[in-house]
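Protein chains in written order, with our numbering: chain A, 1 to 640; chain B, 1001 to 1371; chain C, 2001 to 2182; chain D, 3001 to 3100.
The set of hints was computed from the structure by calculation and includes no laboratory data. Each hint should be verified, as a subset may be incorrect.
Straight-line distance between alpha carbons at most 35 angstroms, and here's what the computed DSBU-like set of lysine-lysine pairs gives [claimed, not checked]:
(1) A:174 / A:640
(2) A:453 / A:549
(3) A:174 / A:77
(4) C:2116 / A:640
(5) C:2090 / A:640
(6) A:174 / A:453
What follows is the residue order along each chain.
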Amino acid sequence: MNVEFAALSLILVFPALGVLFNLFLGPRLGRSAVNVVGPGVMFVAFAVATWAFLSILAMPAGSALYCPLWRWLEAGKFHVELGLRVDALSGVMVMIVTGVGAFIHLYSVGYMAHDEDYARFFTYLNLFAFSMLILVLADNLVMMFVGWEGVGLCSYLLIAFWYTNPEFAYNGRKAFIVNRIGDAGFLLGIFTILATLAHHGVWSLNFVEMQAHADMFDVTAATAAGLLLFLGATGKSAQIPLYVWLPDAMVGPTPVSALIHAATMVTAGVYMIARMNFLYVLAPDAMAVVATIGGLTAFFAGTIAIVQPDIKKVLAYSTISQLGYMFLGVGSGFFAAGIFHVMTHAFFKGLLFLCAGSVIHGMGGEQDMNKMGALRHKMPITFWTMLIATLAISAVPGFSGYFSKDLILEGAYESGHFWLWLLGAITAGITGFYMFRLIFMTFFGESRVEPDKMHHLHESPPVMTIPLIVLAVLSAIGGYVGLPEGLLWGDAFAKFLSPVVGNFKPAVEASPAMLSLVATSLGMLGILLAYIFYLRMPGLPMILAWRLKGLYELLLEKYRIDELYNLLITRPLFFISDYILNRGIDQTLIDGTANGAGLAVESSGEVARRAEDGNVQHYAFVYLLGVIAIVGYYLYLVVK
Amino acid sequence: MTIELVVGAIEAILMVLIGLHLSIFLLYFERKGSALIQDRVGANRANITGIGQKLGMPNLGIINTLVADPVKLFTKEDFVPEGADHFIHGLAPFLALFPVLITFAVIPFGDTITIAGHTFNLQAAGLNAAALYLLATIGMGVYGVALGGWASNNRWALLGGIRATAQMISYEIAMGLALVAVIMTYGTLDLQAMVRSQGGVWFGFLPRWGILVQPLAFILFLTAGVAESKRIPFDLPEGESELILGYMVEYSGGKQAAFMFTDFAEQALTAMLLVTFFLGGWQIPWLYRDGFHFPGGHFLAIAPLAVSILGVIAFLIKVVILCAFLGLVRWSLPRFRYDQLMRLGWKGLVPLGLANVLVTAFIIVATGGAH
Amino acid sequence: MPPILFWFLATLSVVSALGVVLQRNPVHCLLALVLTLLAIAVLFIGQGAVVVGFLQAIVYAGAIMVLFLFVIWLLNLPVVTGSTGRLAAKLLGAVGVAALLAELEVFWVPSHLQVKAAQHAAGYGAIDALSQTLFSEYLIAFEVTSVLLLVAVVGAVALARRTTDAEVQSQAGNSSRTEKAA
Amino acid sequence: MVQLSWLMELSAAIFAIGVAGFLSRRNILVMFMSIELMLNAVNLAFVSLGSRMGTMDGQVIVFFVMTVAAAEAAVGLAIIISIFRNRETVNADDLTLLKW
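Work out the full structure: start from the sequences and follow the hints.
Next comes the structure, spelled out in structure tokens:
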């Protein structure tokens, strides 16, 4: 059942108004106006989104709201009709984006209170929300791509928000360029889909129409399109091999890390794959690639997170790792589980970043965990909320992360990817270890805070702690919408999504309880190890690092992937550009030709210029000769 | 044919004589009238016989100004400075005077007159493009002063010449624009036709004079005319206090008299043109070919010949009154500064003239064409 | 136009044109040119082109030539004495001019001028007729001419301006300083 | 009766004088005047032919020539002034750079 729902456009309109307001009036009207408008538009959008979401819940399963806009472009038979669509899948995403987004906007009011470029920050933030909502609400691939590019731009702008620092600006560019590679893949994917459909006479990229004509894809086309789209997803969602930008993106303001680089934008890839599920189910190979990449990413990023000293870097690698889980989920065919994890991850990872931001804010900008410790008494609210988030991400039973991660691992196992399941389960242990390492190093133990920062240390203002509390509640209870089968209302979330993403069909029988037990045990083991390493025997990590020096440094230096890319791609590229294209072709061949032509003209001109002595009267005399000739010609005509 | 030619020649001579006599009147006014205005005695020498005083009349200085001064002027040494261009130095005064004198030829000083069966137009040269002729001759007048200033080999003279040239060219434009509006109003270039169309009345009593239709053009033309004749308040080229006498400084005797006469003749010409364009020319209010038709319905029959002669007299009276008015202006107003002069010309009169042309055109189109 | 008038004007215009070319003093050249222009103006009027003839006198002789006069004054050139230019070049030029003149004279002999003489319509050459043609057939050209004049004014001002704005300002500053000093 | 050919040959003569002046005089101001001579010679031809054919077109062309001459004089004289300011000469033999 599709219902036209014009109010959907309001979800876009309000952030857009916020952008215009903050851009043109914000700097003039000052902080208080921006404080009201910046988060305000998001709360209004959240209210409208809630209204839409409740409408869907009230309607029969599989219903959708839509809002046609206008015909955007037309090229031959191909045309793009812009439209907004909210079904179960995009409904969940809209709720995440507007809801989490609204609270992070609110949090930013406190976090950015001392920044000069306050209005610019909220301009970008609102612009991001606007773009993300376009991405989510789009009813066709082209419009989704517009949003996709828009969030990329905002990501770049916000990473390089403090652009006067050259390193930050560099990191912004890095994120942008790495994303470009993925975007190229995404675009090629769109072309592949369009080419396939157009070959059969369907000139549309509308999701509903594409799904209706899914039978036109053969396996090759579906695999090609799926892999190309997934390349886009690896860029946007920071998967192997394009994940390198995300850790560097942490130089942006922390609310940005929370909103863009944890809760919403980076999950766009997962959303896109879930949205294109009808395509992926046709291409098992592509699905396997997605699942494998996801599993590997989850594991590798987790191992890097173990040794990072920077609180935000830990969370960044943790994000990459969790995103890997999501791809493992959707790659296994359990799309609902992936989206479920997107949601719970948005709660707890958003919360973790906000808490980290709160800590950094309280520490006056310090991010090194070696210079923290024993903060739990100084910042109680931050501590308790962060603990809840950590329990959630570590998949401690009862917290939201437990339910979603469990579903994913179950999906991986039941779809036949035993090794990936094992990798995921081990990663669960690693997750528990590094997250509790973070908690212990930050809030427990002895204070290693530098003396001059002690007096500055304070709990954050209510405008920052309220979002923490809200998200903490959600992190704690958010998972109960998807209980294991047979328990109370069962997996309501998956049922809700199933009309859009289909039901998960297990290939291998397994006992969910056993799987859950293994993974949970590994998680608990990780937490226990962290407890031993960082609270009971604080010297142990040092010794271990010294003993396993090679491994430790390899992890600390993130497997030297950046260096590898430098060696394999950047340096050869520079070499080709400089030595072959620049010096070889440009300077020698083209410049040589041009200079040679110039030289030829110059030397012949040297001879010819003697006729051109610059004296006007000499020219005039030649002119006169011409006139005499012309008149003579006419005279000849007349006389004849 | 022959008789027309003879009459034309007589008319031309007559017109030049009128112009020159007006100049003499202005010369007298210059001396004696200014004295009256400034509460001085003025020219009071050369009272040869003393008869006037014996009869108890005030000393009018007539002999002084009209006999003694010219005699003095024409008997002075004709001096040409060293290094001057002799030919042009001698040519310049007459280059200045000549265009003014030939301009008198196109001014209609009366209606047609019929004597012994022959009908004559009281206009020396009945050109049908007289208004253009006017502009052309006035434009030629620049060369006299310009070359006079240049040929004297004197810095003050050159400065005066340059000032005069710039001033005359600038105000010619304003004058031309005023004239364009006038031409548009009457729909003709023929001055006699312009005067004719100023006959008759509006609302039964108001004479159809041009000043009532084109008041702004009148003011523009008056101002530009005064500036053209380089008299106070536009006497920057002569500027006695700064340039001694400007382009005339190296002239003496008859040549200087020619320059002076040019100024007076230009003043007289300005007066005549103003009368022709704006004050009805030779028209007398309510007088038609057969006599007076007073507004109340009264009628006074007059012979046609007398009507023509009355017209000539009316023209002369109007011109003399205007000449006197121009003299009053000359002795009443202080001199402009040069930049003020240029600003008035280019930023005041020219835009006003353009606006006037525009409004006139609009009204003509709106009321369905010229007459 | 009686032939006697034509011959008078023709002689006048040729002699004064030669005066333009042959006299040394630029002011004299200019005067000769004005005379040529006026003679040609009268030739126009004699052929019925009354308005154009007067315009020639007003615009050409009355305005453009005064501009020349101004420039001559501004430059304040010394009168050149002695020979200018090489004899060979002059001879070559003279040959060229003579060739052109010969060609044109042959070109215009009566038997080659096959123009059918037409009667002048009433009002030929008057301002009405000129305006009728100008504002109907040649309207676009007329409007373009107004643009040309505007461009010329702007161009002339831009070219003849002595200094840049900055220099003018600095000069203004200097002069005000000297005024204060005085 | 004035013959058309007389007028045309007068026009040709004045034109040739203008050409000669342009080629022989070194003072660019006088060269400029020679150009005006040539323009007027052509004007005379236009008016004469137009008058003989009884059309107004010749006169209209003359009108345009005058306008163009006015524009040309304004710009040309401005150029001469600025050349003189920079080079202190108006002798065409010394102005062979064709720029300033």
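Quick rundown of the hints versus the structure:
Straight-line distance between C-alpha atoms of residue 174 of chain A and residue 640 of chain A comes to about 82 angstroms, which puts the hinted pair past the 35 angstroms bound. Restraint check for residue 453 of chain A and residue 549 of chain A: satisfied, since their Cα atoms lie roughly 32 angstroms apart, inside the 35 angstroms limit. Distance restraint check for residue 174 of chain A and residue 77 of chain A: the Cα-Cα separation of roughly 38 angstroms exceeds the 35 angstroms cut-off, and the hinted pair is therefore not satisfied. Our distance criterion of 35 angstroms between C-alpha atoms is met by residue 2116 of chain C and residue 640 of chain A, whose separation comes to about 20 angstroms.
For the hint linking residue 2090 of chain C to residue 640 of chain A, the alpha-carbon distance of about 33 angstroms falls within 35 angstroms, and the restraint holds. About 32 angstroms separates the Cα atoms of residue 174 of chain A and residue 453 of chain A, which keeps this hinted pair within 35 angstroms; it holds.
The structure shown violates the earlier hints numbered 1 and 3.
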